[in-house]
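Protein chains in written order, with my numbering: chain C, 202 to 453; chain L, 20 to 310.
Read the hints as simulated data drawn from the structure, not as lab findings.
Any given hint could turn out to be false.
Said to hold, decoys possible - Computed spacing ranges between beta-carbons, pair by pair:
| no. | chain 1 | residue 1 | chain 2 | residue 2 | range |
| --- | --- | --- | --- | --- | --- |
| 1 | L | Ala45 | C | Arg204 | 30 to 38 Å |
| 2 | L | Ala77 | C | Ala228 | 53 to 61 Å |
| 3 | C | Arg204 | L | Ala22 | 48 to 56 Å |
| 4 | C | Ile384 | L | Leu305 | 52 to 60 Å |
| 5 | C | Arg204 | L | Asp144 | 21 to 29 Å |
| 6 | L | Ala45 | C | Ala228 | 58 to 66 Å |
| 7 | L | Gln230 | C | Leu437 | 44 to 52 Å |
| 8 | C | Ala376 | L | Thr76 | 42 to 50 Å |
| 9 | C | Ala438 | L | Gly84 | 32 to 40 Å |
| 10 | C | Gly344 | L | Asp144 | 56 to 64 Å |
| 11 | L | Thr128 | C | Ala438 | 37 to 45 Å |
| 12 | C | Val307 | L | Asp144 | 22 to 30 Å |
| 13 | C | Ala235 | L | Arg32 | 58 to 66 Å |
Unchecked claim - Negatives, chain C to chain L, calculated, CB over 12 Å:
| no. | residue |
| --- | --- |
| 14 | Ala207 |
| 15 | Ser336 |
| 16 | Val371 |
| 17 | Asp451 |
As the list claims (entries may be wrong) - Covered by chain C, per the in silico footprint, the following chain L stretches (three or more residues, Cβ under 8 Å):
| no. | region |
| --- | --- |
| 18 | 99–108 |
| 19 | 120–127 |
| 20 | 206–216 |
Each residue gets a CB set at the ideal place from its N, CA and C atoms; glycine is no exception.
Listed below are the residues making up each chain.
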Amino acid sequence: MSRLVAAELLKLRTTRVVPALVAVSVALSALMAALIVLLSSTSDISGTTGGRLVLSSGGIAAGILALLLGIVTTAGEYRHGTILPTLLTTPDRRRVTIAQIAANTVAGAVTGIASVAATLAVSLPLLALRDVDMSLSAARVAGIAVGGVTFAALSGMLGAAFGALVRNQVAAVSAALLVLFVIEPVVTSLVDGYQRYSLTGLRVAISGGAAESAGTATGGLPPAWLAALLWTGYALALASVATAVARRRDIP
Amino acid sequence: MDAVIEVDSLTKRFGRTVAVDGLSFAVPRGSIVGFLGPNGSGKTTTLRAVLGLTVPTAGRATVEGRPYAALPDPARVIGAVLDAAQFHPGRTGRDHLRVFATAAGVPRTRVDHLLRLVGLDKAADRRVRGYSLGMRQRLSLATALLGDPRVLVLDEPANGLDPQGIRWLRDFLRDRRDEGRTVLVSSHVLSEVAQIVDEVLVLHRGRLVAQGRVEQLTSAVRVRSADPPRLAEVLAGKGVPVTGDGPGWLVAQGTTAEAVGAAAADHQIAVYEIAAHPQTLEDLFLGVTAS
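Can you make the complete structure from the sequences, with help from the hints?
Following this line, the structure appears as structure tokens:
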């Protein structure tokens, strides 16, 4: 299995997609942190809620990009035909899917580390410059950073599972964006308590954001560990479906 | 026969289209077998079923007695070149091979060796999007050879190769056969395979219409006799396909001058002229796929 994961990691390292997405994620995280700190009123970004809003932004940006990376790389195997030599070398489709998920989890974590570091590097000096008191302990800040990296890693995992199931890059990316930015906000506003199980709610909970960021504070959010567990469960459920379906599918 | 690849009653349907229809054949070890047929005859579908990429509607295909998915180390058993894109355009040729060498547990030195073997060593660090069709075919072949497999399956391998490349490929495949390895090569361009194959399987509309050693399938006898209709009847009764070839002449296929002469003598039909008259692979192919 380690050979397979190493091969999948090598796939990720040997195209420009991963470095490009990491660079975009770092730039976006730094930009978002700067804009939030500089353009918000001090009352909006001070205190625990404001501090969590600022510091979790990098992890959330990294997570969304890691999700897209996971989709693009696994569905891209079918687009470019690299799934053929992959399955000729390793015909066990379940093992291939697991290796793809593991490699994209690592890629997500790397994206998360770089992006969270960029967010902290930009926001902390700017917050100090504006004399904003976040009322967050060092341990709390570290927790938000770890949550951001975890969220990005788990997003890479979910994206890889989703890409393996859908297999069409454009359809998979479009569906993911539709769910995240259209369907979930609408359902969250209509159904009380839905955000506790939604991708948006879990995203905010894992990355250390405030409940308000999930669209509604009603019902709150699950603790970060439970949110991470639920998110992993979603990814594994998708991966199981992808593997079960793949066994009966022809490879194009 | 020591069969390396066995296909048994294989059927594959795509909706209402029957791509492969109850196909059965075996590929003997240590031979080059041509898998021939017009476009759309089911060659690629059959090869994909052998390689575990297409799920059969019915029947089975095995490699060394096991379904492809059950091979413990497939890269060392069978290598395949498929007539389809299989590269990320942004990855270099060397990195492409490194990825699959890693997955197969093949040392990196083999990657360099194969790049030299297929003549891509100078282009190895260029991205595949800049490769010509012929270079991609060579890279496919290098990928198939990573595990130094005992069996090679090649689907239209000469596509995009220049004349030197085709010559190189022929020599390479002969060398593999001489080492005791097995090659199953599909093509619809007969001149590519006619010079190297030991046996052929001819597919038409998903069914096997001819199978056997090339010299056996292409052997024929041209005979002029005193009573062509009666001789034709005698030969047909022995299962020998016979066609007319001008006044007084017959061509008997898949047989020898000795057998035709003996049949004529048994029935006291005078023979005036008789000679071996072998067909080309093209004649055979066009004959069995004419409908």
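| said: For the hint 53 to 61 Å, verify it against the beta carbon of Ala77(L) and that of Ala228(C). | reply: holds, 55 Å
| request: Given the range 37 to 45 Å, decide if the beta-carbon distance of Thr128(L) to Ala438(C) lies inside it. | output: holds, 42 Å
| query | Beyond 12 Å from every Cβ of chain L: is that where the Cβ of Ala207(C) lies? | reply | Violated, because the least Cβ-Cβ distance between Ala207(C) and chain L comes to about 5 Å, which does not exceed 12 Å.
| Range hint 21 to 29 Å: satisfied by the CB atoms of Arg204(C) and Asp144(L)? | Holds: the Cβ-Cβ distance is about 24 Å, inside 21 to 29 Å.
| Do three or more residues of the region 99–108 of chain L come closer than 8 Å to chain C, measuring C-beta to C-beta? | holds (count 8)
| Does the no-contact call for Val371(C) survive, Cβ to all of chain L over 12 Å? | holds, 17 Å
| Outcome for the supplied range 42 to 50 Å, where the beta carbon pair is Ala376(C) and Thr76(L) | At 30 Å between Cβs, range violated.
| query | Is the gap between the beta carbons of Gln230(L) and Leu437(C) within 44 to 52 Å? | reply | The hint (44 to 52 Å, Cβ to Cβ) holds, given that Gln230(L) and Leu437(C) are roughly 48 Å apart.
| Within 8 Å of chain C's CB atoms, at least three CB atoms from the region 120–127 of chain L: coverage verdict | Coverage by chain C holds for the region 120–127 of chain L (4 residues, Cβ < 8 Å).
| Would Ser336(C) pass as off the interface with chain L, using Cβ distances and a cut of 12 Å? | holds, 47 Å
| query | Do the Cβ positions of Ala438(C) and Gly84(L) conform to the proposed distance bound of 32 to 40 Å? | reply | Check passed, 37 Å falls within 32 to 40 Å.
| query | In this structure, is the beta-carbon distance linking Ala45(L) and Ala228(C) contained in 58 to 66 Å? | reply | For Ala45(L) and Ala228(C) the Cβ distance comes to about 60 Å; the hint holds.
Hints 3, 8, 10, 14, 17, 20, counting from the list given before, are not met by this structure.
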